[in-house]
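The residues making up each chain are set out below.
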Amino acid sequence: MSNTGAAHAASHDHGHHDKTGTVIFGFWIFLMSDLIAFSLMIANYADAEWHGIANGPSPHELFSLGLPTIETMALLISTFTFGICTLGMKYGASMKRTVGWLVVTLALGAIFLGIELYEFHEFWTEGNTPQVSGFLTAYYSLVGLHGLHVTSGIIWGILLMVQMKTFGMNDLIKSRLVRLGLFWHMLDIVWIALFTKVYLMGVL
Amino acid sequence: MSILGSLDWNDIFIVPFFTDPSLSTGIAAGAGGIVVLGALAVMVLLTVKGWWKPLWSNWITTLDHKKIGVIYIVLALIMLIRGVLEAVVMRAQQVSPAPGFLSVEHHAELFSTHGTIMIFFVAMPFLTGVINVVMPLQIGARDMEFPFMNAVSLWLSIGGAALVMASLVVGHFETGGWTAYPPYTGIKLSPNEGVDYWIWSLGLTSVGSTLSGINFLVTIYKQRAPGMKLFDMSIFAWATLCTAILMIFAMMPLTVASLMLALDRQAGFHFFTATQGGNMMNFANMFWLFGHPEVYILILPAFGVFSEVIPTFSGKKIYGYTSLVWATIAIAVLSFTVWVHHFFTMGQTAHLNAIFGIATMTIGVPTGVKVFNWMLTMWRGKLRFSTAMLFSTGFIFTFVIGGITGVMLANPTIDFATHNSLFLVAHFHNMLIPGLLFGMFAAVNYWFPLCFGFRLDEKWGRRSFWLWMIGFYGAFMPLYAIGLMGAPRRMAFFTEPAYFPWLVIAMLGALCVLAGLTAQIIQVWVSVKNRESLMVPAGDPWDGRGIEWSLGCPVPEYDFSTIPAMTSREPWVDAKEAGKRVMDPTEFVDIHLPKPTGMPFLVGLVATLFAFAMIFQMWLIAAVGFVAMWVLVLIRSYDTDWEETVTAEELREGYEAHKRVVESTPQIRLDDEFTTKNRGLIMETQV
Ligand code: HEM
Ligand SMILES: [Cu+2]
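Keeping their order, the protein sequence lines are chains Y and G. Its first residue numbered 100, the first sequence is counted upward by one per residue in this note's numbering. Its first residue numbered 137, the second sequence is counted upward by one per residue in this note's numbering.
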């Protein structure tokens, strides 16, 4: 990561340390505390999945693997395209290409989100709302928390593209892009855990 | 639902007094009145004195870590006054003939706000403030790594505190204690907005604390003066590092648990409703996954302070530096492994209880190491009992008692008999008053000159110490006794005559504490009045050891004219021993400081509005507030011109000026350190 900081373009940087690397380090730490939130939600889900069915459906009755698999593929590919985007930026790809890959990434994110909302909608119209049981509460909150993160990632990405236009590809923008990348990759990793715990193990 | 959500006339503080006049509603109306009149009085004062502008430009918009620290400490002290007053009212309630003058409901609100305020709005801002002032100066940094975020954290904390204050005027606070366990705090049993006040005021501050933790950690990691290895850092910086890690990992469980509670209450979710497949033990687990590390967040910085104050006033190097560091690290790690001791009685297996009981007791080991380090630092030292040193030694003495009762409670079989009794209440006050407040008081008395350029009055400082010390013993030792006799915690009144004499002593103790707090207010007043004679412009008024004392008092905004060369663990002591009175400058270069900005204040304001709207279910206003908050952050992200330059020339001039002051300041003897002869810079450092 520190490579992005090495290309220090600022006209004056005496008297303080390399800011870019530091900001990314700080963001990394923030992600660790975010990860705690997800861990707790997963633990809570794991508990509710066993003890919290109440009078509602069980995971087995609720889930199928079809849509979630497509969803997962979309997110996995998006993390790959984000990788291309940041690598390209590092090795001096044109702004157009960087933006292009970012657009592809965000679009894949939007597909992911769309499928998730579709699934929520389906369950909801069947009467399986979060108010039905502890299990459904945990399900909507856990998957929804991840979805909220993806939503913020998409909004952030769009705003960042606007900023790329105003500022050009300077160090600040590059650092922001790298941070969005970290965020996005973390969401991917978290999703793999969610997919395994919620859908795979739920169906099996 | 109307735009004003669930807010209605009966939520205004004086209305209940008219619909249902009683002493209890009268006191509530009076408390609300004090808040309103106090706010008005402050505004009038600011207007009459023409202080709005300086307040805005010097304080509200500041990004200087020292000033931010001072604001945190002021917040803590204001909230401390409220917390102690509430404690006195509770004590008065319990010595009045049953059922006392407060309604049961009102008493429950009192212990809930008292606990919440003391932990989140006294302890946390206090230690965050002290860290803000001191840590960057001790590691040779110019500021926190993220000054803007630092100010945002500050204003979020103030927003949280403002909400708790608002609950005196508008609506109610919760009645389920500072831990707010469901199902009691669920919507069925606590239908009014009290629990929501708890959720959202804590929400704001805990986000602030998480951000502070990140800021401290990155600052220590990235901003140490060149050459300063981790094991060269002051013990206080080490304590900060460990505290920061605890903040980063421990605040999140609280945020998650309280948001879950909010969803249960306002969206009909079932995280914690047992009848619908929820599990309220998950709340207890998450709460204490936060709560136990929290008590070490509270205590470690104070340990850090003692490790600075005791060597200075013993004229000796700290004994066993490395073991102190490892003890600090060990405590931080172990603090995450003991949380179940908070619910030994809630039905888990005896095995689990045994494991967590033993884990709990192991924390005593590194803590014991520390106590011995402090004592051996004093051993054969030339002790000088300044106010800061009094608080430090008073701490050691008292804290050991609290530690022993803690080990008692860590034994599950004993805990079965004592949990939720006043024995427990005595225990945790026994830890927190010496182990947190005394540390912070010592810190203020010790480091005050760095911020303001003058010392605090020693006479009133000592008086305040003795009043606090005696008050503490008076207020809490009786609780050990009646706790063992069976007096439960959180009772609105007692009918057992055997408790009565003890409760009277506890009441007198609480009054004595109040007198101690008053003495501190007088101390500040007297010191400000006599500031001319208490000035220490040459810096280092206590023959200190850390590099923060190589600076003049008050410390200039840029802190160091040149970043100090770290040639050893205590370069300032080395310099003094070599007969120098200022550290040799390194290289003068232009530096950048962040420009003042009102943006963090606005972010805090809008976030508070959002939280208030959430409490009263004003969804539209909440949505607007939430979006506005992020729009402000977005606007800030367009700001690229946020630094101003201090030139090498200005820094050189600053350095030369400091040197001239030092050279024209006569050297004095240690014996005169508390007299008006002390204008700074005593040089008798021994090893
Ligand atoms: C300054 C003198 C203080 C006095 C006289 C005092 C008195 C009290 C009293 C009477 C209670 C209620 C006990 C009961 O359950 O019946 C209480 C509870 C509590 N106090 Fe204090 N207190 C003081 C300072 C502090 C400080 C400094 C802290 C923390 C930093 C603190 C934290 C708490 C907490 C967390 C509770 C528990 C509230 C609950 O039950 O939820 N107190 N205190
Ligand atoms: Cu604990």
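Worth flagging that the hints you see were computed from the coordinates, not collected in a lab. Fair warning: there could be bad hints in the mix.
[As the list claims (entries may be wrong)] Here are some chain Y residues the structure puts well away from chain G; computed CB gaps all over 12 angstroms:
#: 1; residue: Thr168
#: 2; residue: Ala173
#: 3; residue: Ala192
#: 4; residue: Thr228
#: 5; residue: Ser240
#: 6; residue: Val302
[To be verified] The calculated DSS-like cross-link candidates involving lysine-lysine, where the alpha carbons are at most 25 angstroms apart (straight line), are:
#: 7; chain 1: Y; residue 1: Lys195; chain 2: Y; residue 2: Lys273
#: 8; chain 1: Y; residue 1: Lys189; chain 2: G; residue 2: Lys665
#: 9; chain 1: Y; residue 1: Lys118; chain 2: G; residue 2: Lys358
#: 10; chain 1: G; residue 1: Lys716; chain 2: G; residue 2: Lys365
#: 11; chain 1: Y; residue 1: Lys118; chain 2: G; residue 2: Lys365
#: 12; chain 1: G; residue 1: Lys731; chain 2: G; residue 2: Lys665
#: 13; chain 1: G; residue 1: Lys358; chain 2: Y; residue 2: Lys273
#: 14; chain 1: G; residue 1: Lys716; chain 2: G; residue 2: Lys189
#: 15; chain 1: G; residue 1: Lys358; chain 2: G; residue 2: Lys731
#: 16; chain 1: Y; residue 1: Lys118; chain 2: G; residue 2: Lys731
#: 17; chain 1: G; residue 1: Lys595; chain 2: G; residue 2: Lys665
#: 18; chain 1: G; residue 1: Lys595; chain 2: G; residue 2: Lys365
#: 19; chain 1: G; residue 1: Lys518; chain 2: G; residue 2: Lys813
#: 20; chain 1: Y; residue 1: Lys273; chain 2: G; residue 2: Lys731
[As the list claims (entries may be wrong)] Simulated restraints on C-beta separations:
#: 21; chain 1: Y; residue 1: Asp270; chain 2: G; residue 2: Thr722; range: 19 to 29 angstroms
#: 22; chain 1: G; residue 1: Thr781; chain 2: Y; residue 2: Lys189; range: 27 to 37 angstroms
#: 23; chain 1: Y; residue 1: Lys264; chain 2: G; residue 2: Val763; range: 36 to 46 angstroms
No residue lacks a Cβ here, since even glycine has one placed at the ideal position from N, Cα and C.
Point to revise | Distance rule for Ser240/Y, whose beta carbon must clear each one in chain G by more than 12 angstroms | key: Answer for Ser240/Y: violated, closest chain G Cβ roughly 7 angstroms.
Point to revise | Given pair status - Lys665/G, Lys595/G, alpha carbons within 25 angstroms | key: holds (14 angstroms)
Check your understanding: Holds or violated: Lys716/G with Lys189/G, Cα cutoff 25 angstroms?
Key -> Status violated; Cα separation ~42 angstroms.
Point to revise | Ala173/Y non-interfacial with respect to chain G [C-beta, more than 12 angstroms] | key: holds (26 angstroms)
Point to revise | Assessment of proposed distance window 36 to 46 angstroms (beta carbons of Lys264/Y, Val763/G) | key: violated (22 angstroms)
**Study point:** Non-interface claim for Thr168/Y versus chain G (Cβ beyond 12 angstroms)
**Key:** Thr168/Y clear of chain G: closest Cβ-Cβ about 28 angstroms, beyond 12 angstroms.
Practice item. For the pair supplied as a hint, Lys358/G and Lys731/G, confirm whether the alpha-carbon distance does not exceed 25 angstroms. Key: holds (21 angstroms)
Practice item. Hint says 19 to 29 angstroms; check whether the CB-CB distance for Asp270/Y and Thr722/G agrees. Key: Holds, at about 27 angstroms.
Exercise for review: Take a quick look at whether Lys273/Y and Lys731/G sit within 25 angstroms of each other, Cα to Cα.
Suggested key: Within the cut-off at roughly 23 angstroms; holds.
Review point. Between Lys195/Y and Lys273/Y, is the straight-line Cα distance small enough, at 25 angstroms or below?
Key: Cα-Cα ~14 angstroms, so holds.
Point to revise | Closest CB of chain G to the CB of Val302/Y still more than 12 angstroms away | key: It holds; Val302/Y is separated from chain G by about 20 angstroms at its closest Cβ, greater than 12 angstroms.
Check your understanding: Would you say Ala192/Y is clear of chain G, with no C-beta pair closer than or equal to 12 angstroms?
Key -> The claim holds: Ala192/Y sits with its nearest Cβ about 23 angstroms from chain G, beyond 12 angstroms.
The structure fails to meet hints 4, 5, 8, 12, 14, 18, 23 from the earlier list, while all remaining hints are met.
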